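K.L.:
In case you want the letters, here they are:
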Amino acid sequence: GAGVSQTPSNKVTEKGKYVELRCDPISGHTALYWYRQSLGQGPEFLIYFQGTGAADDSGLPNDRFFAVRPEGSVSTLKIQRTERGDSAVYLCASSLTSGKDTQYFGPGTRLTVL
Amino acid sequence: DQQVKQNSPSLSVQEGRISILNCDYTNSMFDYFLWYKKYPAEGPTFLISISSIKDKNEDGRFTVFLNKSAKHLSLHIVPSQPGDSAVYFCAAIYNFNKFYFGSGTKLNVKP
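Chains Y and R, in that order, are what the protein sequence lines are.
So the first sequence is numbered by the numbering used here: it starts at 5 and just counts up by one.
So the second sequence is numbered by the numbering used here: it starts at 4 and just counts up by one.
Read the hints as simulated data drawn from the structure, not as lab findings.
Please note: incorrect hints may appear among the correct ones.
Unchecked claim - Listed next, the in silico PhoX-like pairs over lysine-lysine satisfying Cα-Cα at most 20 Å (straight line):
1) Lys57/R / Lys113/R
2) Lys74/R / Lys113/R
3) Lys104/Y / Lys59/R
4) Lys113/R / Lys104/Y
5) Lys101/R / Lys104/Y
6) Lys71/R / Lys59/R
7) Lys82/Y / Lys19/Y
8) Lys101/R / Lys113/R
9) Lys113/R / Lys8/R
10) Lys109/R / Lys104/Y
11) Lys57/R / Lys104/Y
12) Lys113/R / Lys71/R
13) Lys40/R / Lys113/R
14) Lys109/R / Lys40/R
15) Lys74/R / Lys59/R
For clarity, every value in this text was computed on a predicted model and none was experimentally measured.
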């Protein structure tokens, strides 16, 4: 079956612009996670959805970052007024329920802010 | 403050020998630990996990050991194969939802 997909695979934008990154989780998975991975680092937790609601958004670095999952499936990570320091690979993962269920990761979106 | 640390950025091993990847953590509240494997341009894939109530979990060539008193876990791969060459991340959870990842160890298995 289809795995987690993320679009676009690469996004280049200019400082100050707005970007949206999309995640399509595995069908039926209620838990969805966003991570950010900088060069040479492991994935850093951003936000976790259980269904449509953000159950834990404590990893979002500041109020320029926002994520939604309006119908409990597809999720969009939105970054306003992008800064060069936002450049990273943004990973999405989904799991059947939550917690200790295996997370399945997408290939990531590489964001470059010039 | 990094709560999960992988202090070896890289490891090179001969095919057929044992690979040992190490991970240290600081938060005693972590109650579940995982190892992920990542190939270039792909997302991490789950490899093996262990609950904090156990000290060992084995799955084929992969064994994870947990030493709670030392706040240390390790992944053993025996025998190592060239296809095992990848970046390995350890991760830890408490409170069910928030995963903390180490910075990864790049394993190179030489034929």
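K.L.:
Decide, hint by hint, whether the structure agrees.
P.N.:
Against the structure, the hints come out as follows:
{"no.": "1", "hint": "Lys57/R / Lys113/R", "in the structure": "violated, 32 Å"}
{"no.": "2", "hint": "Lys74/R / Lys113/R", "in the structure": "violated, 30 Å"}
{"no.": "3", "hint": "Lys104/Y / Lys59/R", "in the structure": "holds, 17 Å"}
{"no.": "4", "hint": "Lys113/R / Lys104/Y", "in the structure": "violated, 34 Å"}
{"no.": "5", "hint": "Lys101/R / Lys104/Y", "in the structure": "holds, 10 Å"}
{"no.": "6", "hint": "Lys71/R / Lys59/R", "in the structure": "holds, 11 Å"}
{"no.": "7", "hint": "Lys82/Y / Lys19/Y", "in the structure": "holds, 14 Å"}
{"no.": "8", "hint": "Lys101/R / Lys113/R", "in the structure": "violated, 35 Å"}
{"no.": "9", "hint": "Lys113/R / Lys8/R", "in the structure": "violated, 25 Å"}
{"no.": "10", "hint": "Lys109/R / Lys104/Y", "in the structure": "violated, 25 Å"}
{"no.": "11", "hint": "Lys57/R / Lys104/Y", "in the structure": "holds, 15 Å"}
{"no.": "12", "hint": "Lys113/R / Lys71/R", "in the structure": "violated, 32 Å"}
{"no.": "13", "hint": "Lys40/R / Lys113/R", "in the structure": "holds, 17 Å"}
{"no.": "14", "hint": "Lys109/R / Lys40/R", "in the structure": "holds, 10 Å"}
{"no.": "15", "hint": "Lys74/R / Lys59/R", "in the structure": "holds, 14 Å"}
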